[in-house]
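Undergrad: Spelled out from the first residue to the last, the chains are:
Number of protein chains: 2
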Amino acid sequence: MAKRYVYNFGGKRADGSAKKKDILGGKGANLAEMTNLGVPVPPGFTISSELCLDYIRRGRLPKSVLAEVKKAIRRLERLTGRRFGDPENPLLVSVRSGARVSMPGMMDTILNLGLNDRSVKGLIAKTGDKRFALDCYRRLIQMYCDVVLGIPRSKFEAIIDARKKEKGVKFDIDLSGDDWEEIIRRFRRIGQGFPQDPEEQLMGAIGAVFKSWNTPRAIEYRRIYDIPEDWGTAVNVQTMVFGNTGPKSATGVVFTRDPATGEKKIYGEFLPNAQGEDVVAGIRTPQKIDDLKRILPDAYKELVKILKKLERHYRDVQDVEFTIEEGKLWILQTRVGKRTARAAIKIAVDMAKEGLITKKEAVLRITPQDIDQLLHPMIDPSQKRTPIASGLPASPGAAVGAIVFEAEDAIKLGRSRPVILVRDETSADDVGGMKVAQGFLTARGGMTSHAAVVARGMGKPCIVGCDAIKIDYKKRVFSVDGRVFHEGDVITIDGTEGKVFEGRLKLIEPRMTKEAQTLLKWADRFRRLKVRTNADTGPDAKVAREFGAEGIGLCRTEHMFFAKDRIQAMREMIIAKDEKGRKRALEKLLPMQKEDFKAIFRVMDGLPVTIRTLDPPLHEFLPREREGIEALAREMGIKSDELELIVNSLAEANPMLGHRGCRLGITYPEITEMQARAIIEAACEVTKEGVKVLPEIMIPVVAELNEFKNQKEIVVRIAEETMKRYGVRIRYLVGTMIEIPRAAITADQIATEAEFFSYGTNDLTQTGFGFSRDDIAKFLPYYLERKILPHDPFQSLDIPGIGFLVELGVKRGRKTRRNLKIGICGEHGGDPRSIEFCHRIGLDYVSCSPYRVPIARLAAAHAALRSRQRR
Amino acid sequence: MAKRYVYNFGGKRADGSAKKKDILGGKGANLAEMTNLGVPVPPGFTISSELCLDYIRRGRLPKSVLAEVKKAIRRLERLTGRRFGDPENPLLVSVRSGARVSMPGMMDTILNLGLNDRSVKGLIAKTGDKRFALDCYRRLIQMYCDVVLGIPRSKFEAIIDARKKEKGVKFDIDLSGDDWEEIIRRFRRIGQGFPQDPEEQLMGAIGAVFKSWNTPRAIEYRRIYDIPEDWGTAVNVQTMVFGNTGPKSATGVVFTRDPATGEKKIYGEFLPNAQGEDVVAGIRTPQKIDDLKRILPDAYKELVKILKKLERHYRDVQDVEFTIEEGKLWILQTRVGKRTARAAIKIAVDMAKEGLITKKEAVLRITPQDIDQLLHPMIDPSQKRTPIASGLPASPGAAVGAIVFEAEDAIKLGRSRPVILVRDETSADDVGGMKVAQGFLTARGGMTSHAAVVARGMGKPCIVGCDAIKIDYKKRVFSVDGRVFHEGDVITIDGTEGKVFEGRLKLIEPRMTKEAQTLLKWADRFRRLKVRTNADTGPDAKVAREFGAEGIGLCRTEHMFFAKDRIQAMREMIIAKDEKGRKRALEKLLPMQKEDFKAIFRVMDGLPVTIRTLDPPLHEFLPREREGIEALAREMGIKSDELELIVNSLAEANPMLGHRGCRLGITYPEITEMQARAIIEAACEVTKEGVKVLPEIMIPVVAELNEFKNQKEIVVRIAEETMKRYGVRIRYLVGTMIEIPRAAITADQIATEAEFFSYGTNDLTQTGFGFSRDDIAKFLPYYLERKILPHDPFQSLDIPGIGFLVELGVKRGRKTRRNLKIGICGEHGGDPRSIEFCHRIGLDYVSCSPYRVPIARLAAAHAALRSRQRR
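These protein sequence lines map, in sequence, to chains A and B.
Be aware that the first sequence starts at 1, since it is given in UniProt numbering, and climbs by one per residue.
Be aware that the second sequence starts at 1, since it is given in UniProt numbering, and climbs by one per residue.
One chain only, chain A, in its complex shape:
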């Protein structure tokens, strides 16, 4: 027997199946699969993609294939009792492309092939709708002339426009059947090549589909998605069915479960005596699917049976298109149904409980983005609005509020109404106002700028780097494209998309559903990575623990110093002229820090808490502008000139690379001493309360072993003294941030002393790329647009570059200390792609902001499951 190239489907048997996707393409294989399931699909056949490249090269099909195609057409005529080109009961078919994977770059569908001047009369008779039939015919002519014969569409459009002018109407819909008849007559002049012979039409269409594999759009699409050139496309030829042939006909779309809520019930719409296009066009209002039960009970019953079968077979919610022609149900297409995040989660959990899928599959079906969506308010998608400006989506969720430009105003105004803080950028001074605001919008800064980091920490929506808005603080307005927005004007921001809207949009409130909690519990069983949180206060830690955090990976002690009552003591410390003065001020800070740590330890009872010693340069705690300096000088009782000298002497050209982190702790050992004392005293005191504490003290900005040794010596000395004083023994670790390239490079040396590593990948990205996160807004958008970088490296870890340093540090660190505990506490700890990398290179945990903990739990499970699949 010769090799076969044409595969029939429909009519209760199929030559192919889902397994033959390689040669039948996705669509062809699916039609065969449905046939095999006993689902009534309009019969047709698929021409193998193996012929595609050969056709492109030779411009014709082998003779044996032509014979196969003709045979397949005869089969369709037999099955349907219609004939190709018949003026009374014509066989009409659609011709579609269909590659192994869906490729939007390829040819559109040609419908109603088989219509000609004679057979169009048969369609008129069958549907009783002259206008419809002639519209179908003229579309076939236009489409065919365009894709097969290469005659420009515009010429046909000109004829239609001319007719509309003659009739004084505006839309196609206003043209009558007679008008279309006239238009088709005029089409003949330019579309002379349009063949009246249906078989000739068919051969032309098949050739056009094969050739569409090489359109520039398709080639570009394959290049981007890395699809092999030699796959080719298959061609699907399928009998047309009509839902507009009378009262026993209908057409509709139905989901096997509710795609909005996930509820297990059939959900969909249909239109009686109508064609599929009518549903899309929205001219008639469709009826709920339940009504079909009453109108066409047999067809409904069969539909329900088929839906059940399809869902069970495909093991997922199906989105099914159907047509009922003269009481006979045809399934035109089934595909996986799109759904909301909430529905996706409910469906996955329900299906796993029903035994339809495994728990592993349920976990893998939910994306981290689904979980993210669930945790933030969203703009109700039913409202279509154009944004006034766009920026970087720094922290997801949506918020509505009145514009304010100063943190103080946020506090004042925020008492009476919701506010959005709009600034060029935010700083530590603004945190009070940020706590009150619903969300933040900044004109500068990148994904890890101050505003972005604080927003994600607080779980509030935030847009940064929104270049288009120009703020005038004095006038209390911002302008965008010439329009002016005043303080107090209401705006809506969408931090998920990075879009700013005028006025108040309706929001959908978030909810962590019961099913989501179930799903995450299942996910927990599959993951190897632990998930910790970055939290600086007891309440933050509490939120994170409720979200499933298994410890704190980063507690930033300096955030504690920015509070109103503390910054005073901090500033005294900085301004002090000698060690004695500094120690006196530090003594005031000690009890406050201790209380903070105690609150955190209590919440995290039994779980490890990583506390980082002072990180930012000291000038961050002082005012910069003259007015601020004068006010502070009055407060402190010193001369403002003197204070200005101090502020100036602390100023740095590049604070990111300046006198900070362990460099401070080394030059001012009394700061590290105070912090170590506060941590260990807190640990001793809560231990006496019965709390189980596991403090991990972390030294930041280490670039060299000797720096770490210097700081560890201080910590250990103070810890031993303190424990002795309390008579309590605590297990504590002293480790380091790896956030400087040289630390990763010399990790083997650092690990001789460090008991754990935590990657600060924000700073490692800054130094490794030479990118200041506060300044990249000037060029990063351009880089992303021109694809100079595939993504923002502060959002998703740059694996070839920064990832190399991370992996090098892990290898070298563990060469020295085999069981070195290693985590990541940069912003990437909450990014799924980065989490997968962390899993792969063997980290012990990731740490992220509280609101990303559920996402990280799921992403960690995915990473583990996928790496098992690969093995």
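All the pointers check out, no bait thrown in.
Pairs involving identical chains hold if they fit within one copy or between any two copies, as the list cannot separate such chains.
Capping the alpha-carbon separation at 20 Å, the derived lysine-lysine pairs in PhoX-like fashion look like this:
#: 1; residue 1: Lys474; residue 2: Lys639
#: 2; residue 1: Lys470; residue 2: Lys639
#: 3; residue 1: Lys709; residue 2: Lys787
#: 4; residue 1: Lys3; residue 2: Lys63
#: 5; residue 1: Lys577; residue 2: Lys470
#: 6; residue 1: Lys564; residue 2: Lys435
#: 7; residue 1: Lys712; residue 2: Lys724
#: 8; residue 1: Lys787; residue 2: Lys712
#: 9; residue 1: Lys639; residue 2: Lys475
Hints were generated in silico from the structure; no laboratory data involved.
With chain A's structure known, arrange chain B on it following the hints.
TA: This is chain B only, laid out in the frame that chain A set:
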């Protein structure tokens, strides 16, 4: 025969030789070696260091060794005709430690051992100098009691002080022989343990020497210099000789060549009828060695013969101590003579020409520091002064001048007198004034701060990070430790040492000697590394070429923009609102840049010239302060508010990591276009003049291949267009700086497009360490003091950290492009230790500031010769 532990020397035969340094120590081996050469050394013996650890453990010598020592003493008595403890003609010896390498941490010498109450009379008789003899005796008692018996020195000092009070005198020298007699009497009360038996004295001293191996100072010294604990020290016992026994006695020090000039003639001093100490004490004025010829012609003749022999044997200038006792010449010590840089070079070249050493040896004997010293004025070392402050030695040499605080004042005042520019830090605005000043002194900044880099480029002395000086610009003064220095006051700065002096010190002017040029030519034959220079102008390039530069490794185009007539156009470009405006301004810059390039190409005829496209962020070209902004706004004819907005919008939190380098070239392609055009037009035009040009266009701050591709595309397009227009074909390369960690990591990718690499190790150190060079003055001094870092990583490349990235980039780059040309153009290109590393990892060239080119040539030769030795 039993193993021997005591090795005799002197008396015309020695048991050891220079080869036995391991057990005899350096001093013992040298004394044996001189004996073997027939040089008259006072006879003595060395006790092997093999006994040292055993002695420390057991507290005594083996009996067999005691017997050997006694035998050796008997030999000395025979040779000298004196007897241990003899009241008429006593044998006196010295006892010294002597390990395999010189260890300043160990015991001082004990002299005149063998003196006691009886034999001291013999010494009085022999020298006829009661005071001298008794002084020798009391010193022996004090020293012995201290190091052998552990009696505090202070007790003896108290007795001497008491005597001085009784006599109403102030200095030891004012005490008479009778006074010393009385003092020795009083010493007996506390120094009862001092043995009268010379053999007992000797055994005590030998034990003390062995034990001195384990003093805390010696242990610390070994730890620092990594000297093994188990080496131990040997003990040298040697007959004392006396140069003060009458008119036929003398003592002196002599060099085989002039240590100041290198001239080949005996150079030295002596004192007739005197002891070595008298020369050191400076009480009597020594005579020139030539006079000895007249006074003691036989001894002089023998001395000259011996000096010749010693220099030939040791193949280097010798610094020889001698004593003539009763007409008999004794050589007490010979060692390699210390010399000035100028002398060192002349001596090496002369000796090679004489055939005494090879040219290779001559090259290896000169250190890069010698060459450096030659190229800069120095403070005449005869003036002893205390510095008023110290900072980082940023650029070598010394300068004297009046203090000025502003660049403009430097220009004004500099017309009439030499000035030193003193500032907190310098910036591009100050360059005009810096050109006029003799040197710079800044209170802030590190070794690669603006002042430091400019100073090295200009070859002027500079001190940076001199924290101690507090500048008050308003009052035009600086204060240091409470003392105030006014504008116009004269200071002297020593940039080689980093020291600031009050007033005018005498300087020695530099000179590149004929011999130095010869030596460097020899060095050139041995090196593999090429040496290029960093030069931005024709005159700089000319200086460098005269110093032997083989091309330009870094021409910073932006330095050309800071000139008064150009910054205007540059500012117009920055302030322009759109591409058109920017292009208009760039058109003005193009002819200026072109002329600069032409001047450089002409100077570098036949040699490669690497030109870097715009590197610094644009805000560096704009004023920062309000007054400057207002002035510029007036000049530009725009509103100062508007200009302030532009300045603010360009401001960056961390300019080092900001919108600069290729990031500018990518967002403003017209800048790269203009620069490429200026380079290629210049190249075409000088080619037509007959100049051979080899331009290498270098893209800065690349972190990712796509950035480089973007810029290369522009350069190649413009180059091709331009060459076509001129009808000239030029060989040019397009390459990149590797100055960002990610560039080194992804060097394999970047090398697919880059035709050469040049390491910008300044910036690579900044990013790799996370150190801002402008800000490190706050902690680096502390780091160096506490040995947290072994050296300033901006001065000498950090090999374990930054070196790893450099080597990684070389390996990965050459994996892709086997013959990739790779150089270094960071400040490290002029640092010998870093040059050795560059040689080792296979770089093609180093590039440094013009004044360091000779140093780099020598260092490159050393690297090649040493690596051959190792192989």
